[in-house]
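4 protein chains.
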Amino acid sequence: MSIQALLFQTMCCASTISPRDEYSLVEALKQGKVSKPVIAWVSGTCAKLFKSEVQFGHAGAKSGGDLESAQAKNKALEEAGAIVPTSFEGLEPAIKIAFQKLVEDGVILPTQEIVPPSVPEDLSSAIKSGKVRAPTHIVSTICDDRGEEPTYAGVAMSTIIEKDFGVGDVISLLWFKRSLPRYCTKFIEMCILLCADHGPCVSGAHNTIVTSRAGKDLVSCLVSGLLTIGPRFGGAIDDAARYFKDANDRKLSPYEFVESMKGKGIRVPGIGHRIKSRDNRDKRVELLQQYARSHFPSVKYMEYAVIVETYTLSKASNLVLNVDGCIGSLFLDLLASCAMFSQQEIDEIIEIGYLNGLFVLARSIGLIGHTFDQRRLKQPLYRHPWEDVLYSKYV
Amino acid sequence: MSIQALLFQTMCCASTISPRDEYSLVEALKQGKVSKPVIAWVSGTCAKLFKSEVQFGHAGAKSGGDLESAQAKNKALEEAGAIVPTSFEGLEPAIKIAFQKLVEDGVILPTQEIVPPSVPEDLSSAIKSGKVRAPTHIVSTICDDRGEEPTYAGVAMSTIIEKDFGVGDVISLLWFKRSLPRYCTKFIEMCILLCADHGPCVSGAHNTIVTSRAGKDLVSCLVSGLLTIGPRFGGAIDDAARYFKDANDRKLSPYEFVESMKGKGIRVPGIGHRIKSRDNRDKRVELLQQYARSHFPSVKYMEYAVIVETYTLSKASNLVLNVDGCIGSLFLDLLASCAMFSQQEIDEIIEIGYLNGLFVLARSIGLIGHTFDQRRLKQPLYRHPWEDVLYSKYV
Amino acid sequence: MSIQALLFQTMCCASTISPRDEYSLVEALKQGKVSKPVIAWVSGTCAKLFKSEVQFGHAGAKSGGDLESAQAKNKALEEAGAIVPTSFEGLEPAIKIAFQKLVEDGVILPTQEIVPPSVPEDLSSAIKSGKVRAPTHIVSTICDDRGEEPTYAGVAMSTIIEKDFGVGDVISLLWFKRSLPRYCTKFIEMCILLCADHGPCVSGAHNTIVTSRAGKDLVSCLVSGLLTIGPRFGGAIDDAARYFKDANDRKLSPYEFVESMKGKGIRVPGIGHRIKSRDNRDKRVELLQQYARSHFPSVKYMEYAVIVETYTLSKASNLVLNVDGCIGSLFLDLLASCAMFSQQEIDEIIEIGYLNGLFVLARSIGLIGHTFDQRRLKQPLYRHPWEDVLYSKYV
Amino acid sequence: MSIQALLFQTMCCASTISPRDEYSLVEALKQGKVSKPVIAWVSGTCAKLFKSEVQFGHAGAKSGGDLESAQAKNKALEEAGAIVPTSFEGLEPAIKIAFQKLVEDGVILPTQEIVPPSVPEDLSSAIKSGKVRAPTHIVSTICDDRGEEPTYAGVAMSTIIEKDFGVGDVISLLWFKRSLPRYCTKFIEMCILLCADHGPCVSGAHNTIVTSRAGKDLVSCLVSGLLTIGPRFGGAIDDAARYFKDANDRKLSPYEFVESMKGKGIRVPGIGHRIKSRDNRDKRVELLQQYARSHFPSVKYMEYAVIVETYTLSKASNLVLNVDGCIGSLFLDLLASCAMFSQQEIDEIIEIGYLNGLFVLARSIGLIGHTFDQRRLKQPLYRHPWEDVLYSKYV
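Protein chains in written order, with my numbering: chain A, 3 to 397; chain B, 3 to 397; chain C, 3 to 397; chain D, 3 to 397.
Be careful, since some hints might not be right.
Note that the list lumps identical chains together, so a pair holds whenever it fits in one copy or between two copies.
[Said to hold, decoys possible] In silico lysine-lysine, BS3-like type, Cα no more than 30 Å apart, as pairs:
#1 Lys380 - Lys395
#2 Lys395 - Lys179
#3 Lys165 - Lys395
#4 Lys32 - Lys98
#5 Lys285 - Lys188
#6 Lys179 - Lys380
#7 Lys130 - Lys395
Bear in mind the hints are in silico, worked out from the structure with no lab data behind them.
Make the full structure from the sequences, and use the hints.
As structure tokens, then:
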């Protein structure tokens with residue numbers, strides 16, 4: 003048996019029903035297009051009882067003119083032949099009466115009542131009462147946002163403000179899950195300052211500039227640039243840390259280290275500068291070294307890098323320890339000297355690539371800056387000049 | 003009361019325990035560093051009973067030499083003073099005995115047994131038995147992967163192969179949730195062919211090339227290029243469709259349409275070509291028009307675009323209907339003429355930006371091609387030339 | 003000597019000058035805030051000679067009322083004391099006269115004229131005349147967009163339409179730089195159909211759905227999903243091709259291959275199915291095999307995969323050759339059997355990861371579909387349920 | 003005339019020539035496959051004169067055994083019939099003699115010498131000498147990397163370290179192009195602390211976690227999460243700033259502001275909290291307000307937000323000013339009170355969305371943290387549970 007009666011009640015939450023759909027039904031009834039009995043109720047009539055505009059159901063039910071008020075609609079439906087109760091409470095009896103009439107008239111045959119299935123309990127209450135346990139699919143350890151305010155590794159946000167934490171301290175909590183001493187977090191901030199930008203010509207800034215000039219939103223611009231960070235762009239600090247750690251831990255002499263790298267065809271990362279040289283030292287390196295020497299308990303990895311530099315300088319005067327090498331080696335000293343990490347944890351940190359994370363975060367400052375810069379300059383769509391491309395078929 | 007006994011059993015699943023950790027404990031016991039009684043059992047001893055290498059617990063338990071075998075470990079632990087049962091089954095009694103001895107010696111005071119909480123039922127079985135209903139957090143309608151093979155809008159994958167569907171047909175199922183006639187899906191494929199690439203100089207290809215030369219993986223390269231697609235790059239087809247639809251539906255004359263756009267300072271999208279002109283028509287446009295005229299039930303939107311072109315050509319000879327305008331208007335004809343979409347659905351498709359999706363998908367072919375191209379050519383890291391940048395402080 | 007005279011001509015292109023800035027100057031002159039002589043000319047006065055609205059300079063110069071017309075502005079400036087010539091041509095003489103007056107009055111001392119530097123030639127004309135050669139920074143080989151219409155590996159776009167090329171043929175041109183026979187490009191299309199989607203629960207679709215529900219644009223949604231494709235999601239076809247190629251080329255027996263994989267702790271990719279088994283074969287695999295056997299010159303790699311399957315089925319009945327393994331091995335047959343690639347080129351194609359490209363492209367169809375789906379369903383911001391997360395401090 | 007002689011000299015830079023290619027030629031000559039005269043010279047023979055290993059040309063030329071030494075190759079070529087001079091200098095005469103012999107033997111006919119085209123000058127020297135000017139395609143103003151060390155808005159990196167700048171100061175230089183007072187840059191740092199993370203359940207962290215569990219690299223994980231930031235996730239601070247600024251500048255009373263927002267169906271951003279209320283104030287808000295009141299010259303926008311809060315609290319007790327609203331309004335105060343921005347610049351900063359940039363940068367700390375967290379926890383591929391999805395056909 004198919005449904006023989008059209009039940010019709012405007013639902014408040016049914017977003018797809020436009021405020022004039024009821025009149026389509028009125029029209030259809032008038033034109034005899036609907037042969038089944040229609041039982042209808044348009045909610046929202048008590049809106050009339052309020053002075054100010056109260057929102058009932060969808061916008062149409064409340065706004066303005068008589069024509070669109072719920073009362074007017076109910077009246078129109080009734081006049082068109084629909085069964086319309088006098089209140090919402092009358093809807094159920096009206097359905098019952100209409101049904102029985104259809105049965106009496108022989109239009110429909112009543113079917114056997116089925117036993118309704120018992121309503122299952124809601125998951126959340128079942129969990130709360132301890133009847134059911136739901137498996138969790140995600141494990142997370144760094145930030146808990148369930149309480150009054152989020153905590154970073156157990157420290158409440160307001161404590162962070164109160165205790166005058168810096169950006170480095172928050173990184174310490176969210177990445178290392180512990181509160182590193184201030185000389186460490188200060189060093190992390192220094193790394194961010196030094197890696198924040200390197201001009202518009204490097205891969206990352208260039209792609210961000212191109213995307214910004216394509217009129218895209220900030221995140222797209224930033225992301226398009228970030229995606230170039232990897233082995234060839236931005237990887238030098240990470241590589242310096244890895245190779246210096248490996249060489250130092252295996253107690254290689256600078257000669258053995260440098261020559262074994264050469265043998266593998268790998269340039270020693272962290273060594274060499276375009277302009278700087280033995281007699282024209284990089285001030286940034288000097289400042290970092292100075293800071294570390296007066297604040298770090300030990301700078302053995304940096305000292306190792308320095309004696310490697312002594313060796314490479316004997317080969318060419320521009321093979322100085324550069325900023326990447328200095329940061330890379332000092333980061334090792336930070337991990338090793340603060341006595342808050344096991345050897346295994348240090349290995350994991352280096353393997354996972356925390357230093358890469360530091361570079362990515364720092365350079366985001368520059369990439370966001372380039373996005374704003376291009377937008378402010380109102381630069382048009384970038385198109386690479388044809389003349390700069392070698393179109394080739396034979397490669 | 004704190005725990006007075008160290009219970010120790012090598013767990014198979016504890017990924018962080020290295021195969022040599024047991025010996026660290028042996029060492030600690032020998033050196034008297036552990037004062038609590040240790041009850042230990044290293045699992046995996048039956049490994050010896052098998053000829054071939056069976057995997058028990060972690061790798062260390064099975065591999066090679068006596069030193070690392072479970073038996074050797076148990077022996078070493080026992081010799082160092084640990085309580086080691088003779089089999090796994092003996093672990094529980096051993097714990098009991100050790101506990102009672104500690105009580106008797108007065109080292110620990112037994113506490114009152116607490117009633118263990120009843121174990122809650124597992125969610126999946128509770129759902130299956132109808133006791134609990136869990137809310138779903140995601141609604142999805144296009145592809146069902148729960149059965150023997152995934153279905154696209156209800157059509158099984160194997161049917162798609164069997165019926166010789168094309169790429170356009172699959173797009174039809176996954177984007178439009180219905181099987182459009184072949185003339186439509188063929189037209190969708192034509193659009194993909196024509197939008198697949200436009201050389202290395204446009205924003206998208208350029209960023210992809212830069213990222214590929216930074217040595218990044220395929221997805222990063224593709225994505226870095228895709229992110230430039232938007233209002234200024236790749237948006238012309240979408241814009242053409244929107245404006246032609248609006249103008250045609252509002253029954254604007256070509257004069258009214260073009261001049262009102264001019265008034266708003268917007269160039270008519272889909273009109274104009276760098277080289278092509280009245281007397282040097284774009285062959286691609288002609289081929290698309292020809293295809294549509296012989297396969298589409300109606301091409302009213304395209305005809306509208308053609309009379310707009312007649313008007314713009316009267317202004318300048320290169321203001322021809324270009325490929326973007328032709329695709330944009332014909333896509334409207336596709337939607338309107340196949341009689342499978344309500345007016346509301348068509349509006350939604352245009353608003354959501356399905357044509358943009360078509361461009362994005364098509365151009366992905368080219369961007370992936372550029373990634374492969376650069377990798378094959380072994381191009382080094384790209385750095386934009388300094389000389390091409392105006393470094394300014396005064397803007 | 004600092005500049006002693008304010009020259010003022012409203013520039014058409016100066017986007018930052020608002021149409022009312024001239025009146026600010028008028029005001030400043032009236033209030034005696036400007037002591038230097040002002041020579042001014044507001045362009046756009048001939049606008050009055052035209053009936054229709056012609057656009058001169060910025061919008062303000064043309065539009066509407068007297069107040070903002072260029073004439074009105076010039077008049078106001080003159081009345082405020084500025085030197086205003088009667089036409090643009092009069093600007094230069096006016097400057098000269100004002101300058102000479104300042105000299106005569108002793109306000110300024112004329113300085114020695116410097117020889118202006120010779121104007122360098124423009125790069126493009128210098129290149130055209132052969133005087134200069136500029137290095138190109140980019141090499142590209144797959145698509146040339148400089149002519150009347152772009153070409154894909156030398157084939158004009160219109161030819162592609164004319165010859166009824168399919169999506170697979172365009173991929174062939176843009177990725178392989180050659181026109182592969184139709185049986186190959188048809189197979190490529192089949193791969194796209196089968197990889198287009200796999201439901202809403204896999205990593206890629208899930209992230210796309212979350213991003214779409216965050217209200218982001220199509221490209222962001224697609225990209226957020228694509229970024230999950232890698233070793234664990236989507237990598238099985240690629241892996242299957244690599245391992246089957248290596249095993250077959252090294253002439254390993256199925257036993258040697260499977261057991262050596264097991265020894266390395268790697269599951270054989272392309273083998274195994276959740277539901278399918280020896281007696282309930284995967285129809286998709288059968289269809290692909292059937293197609294290849296009747297169209298490919300040779301299917302040696304697939305046959306190798308089949309005998310591997312025979313061996314694995316002897317271990318467990320669900321260790322069947324699955325769709326990934328079937329596609330992976332047949333793609334090797336495609337490359338090897340069409341006689342259009344050198345052995346070195348095939349190795350390069352496998353190493354670069356063309357199959358991964360195919361998966362990425364195919365799945366983009368699904369991810370775009372999921373974006374549209376969520377948008378159509380008007381889904382709100384997704385927040386992962388707290389209950390599904392194990393918040394832990396001790397890991 | 004085609005080339006009648008094969009010239010052969012191993013090029014150092016030709017990366018595609020393998021060290022054994024010369025022997026292939028030897029083989030071909032011996033087998034009579036090459037009929038043209040071959041003049042050959044393998045460079046690198048002086049390698050023998052050095053004791054240590056000096057790198058000449060490709061690796062093969064220097065390394066090891068006699069077989070692969072340049073001398074051995076030259077000898078083999080000569081024995082196979084090639085014309086091999088005794089040194090590199092002999093190559094040119096050898097070519098001449100071979101050519102003349104071919105002419106004398108009548109094998110080739112000498113053709114008229116053509117005048118070689120004059121070699122164009124190199125672009126870089128032509129620019130340096132002032133002969134040519136090349137247009138620049140990119141404008142950039144925030145960071146200059148051409149000198150000895152990069153400068154941020156004119157400030158050298160080493161100065162930044164020396165003067166003990168913080169992260170906020172670098173943001174000030176790269177985003178605002180000026181050195182804001184420390185109370186401003188300190189406030190910027192506070193915003194970063196408070197926005198750094200908000201747990202694993204929000205869109206951004208969730209997508210990052212999913213991507214990390216797919217085994218992808220750090221940048222892909224970060225990016226996949228960042229792409230969810232937009233109108234619905236992370237946009238509240240930006241929106242709060244925009245609406246508060248607009249309302250305050252238009253001098254709307256709190257009643258007018260709140261009710262007009264309601265009229266438009268927009269929730270007032272920056273107002274409302276899940277837990278916090280009139281009697282349980284948000285400590286973070288209090289701390290920020292306290293800081294601003296004692297450090298900012300003026301806090302008029304924040305005060306406006308506070309009187310808006312007074313009005314909303316009269317409606318419901320949890321409609322408090324939340325952290326987003328507090329940061330948003332105080333950022334306006336920062337811009338307005340430091341007297342370093344014109345009104346137009348402030349409007350531009352708000353329009354461009356600098357606050358969004360701050361959120362994106364801050365949250366990157368958290369997203370990178372989640373990436374590390376999942377990697378450290380060695381979590382497997384995430385698959386959303388089927389049970390959580392409503393698969394529907396009827397929407």
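A quick look at each hint next to the structure:
1. Proximity of Lys380 and Lys395 under a CA criterion of 30 Å is satisfied inter-copy only: 15 Å between copies versus 37 Å inside one chain copy.
2. In this assembly of identical chains, Lys395 and Lys179 lie within 30 Å of each other by CA distance solely across copies; the values are 9 Å between and 54 Å within a copy.
3. Proximity of Lys165 and Lys395 under a CA criterion of 30 Å is satisfied inter-copy only: 22 Å between copies versus 64 Å inside one chain copy.
4. Proximity of Lys32 to Lys98 under the C-alpha cut-off of 30 Å is restricted to the intra-copy arrangement: shortest distance 24 Å within a copy versus 86 Å between copies.
5. Taking the shortest Cα distances, Lys285 and Lys188 sit within 30 Å of each other both inside one copy (18 Å) and across copies (26 Å).
6. For the identical chains of this complex, Lys179 and Lys380 are inter-copy neighbours only, at 16 Å across copies versus 43 Å inside a copy, given an alpha-carbon limit of 30 Å.
7. Taking CA atoms no more than 30 Å apart as the test, Lys130 paired with Lys395 passes between copies only; the shortest distance there is 23 Å, against 69 Å inside one copy.
In the structure shown, no violation is registered for any of the earlier numbered hints.
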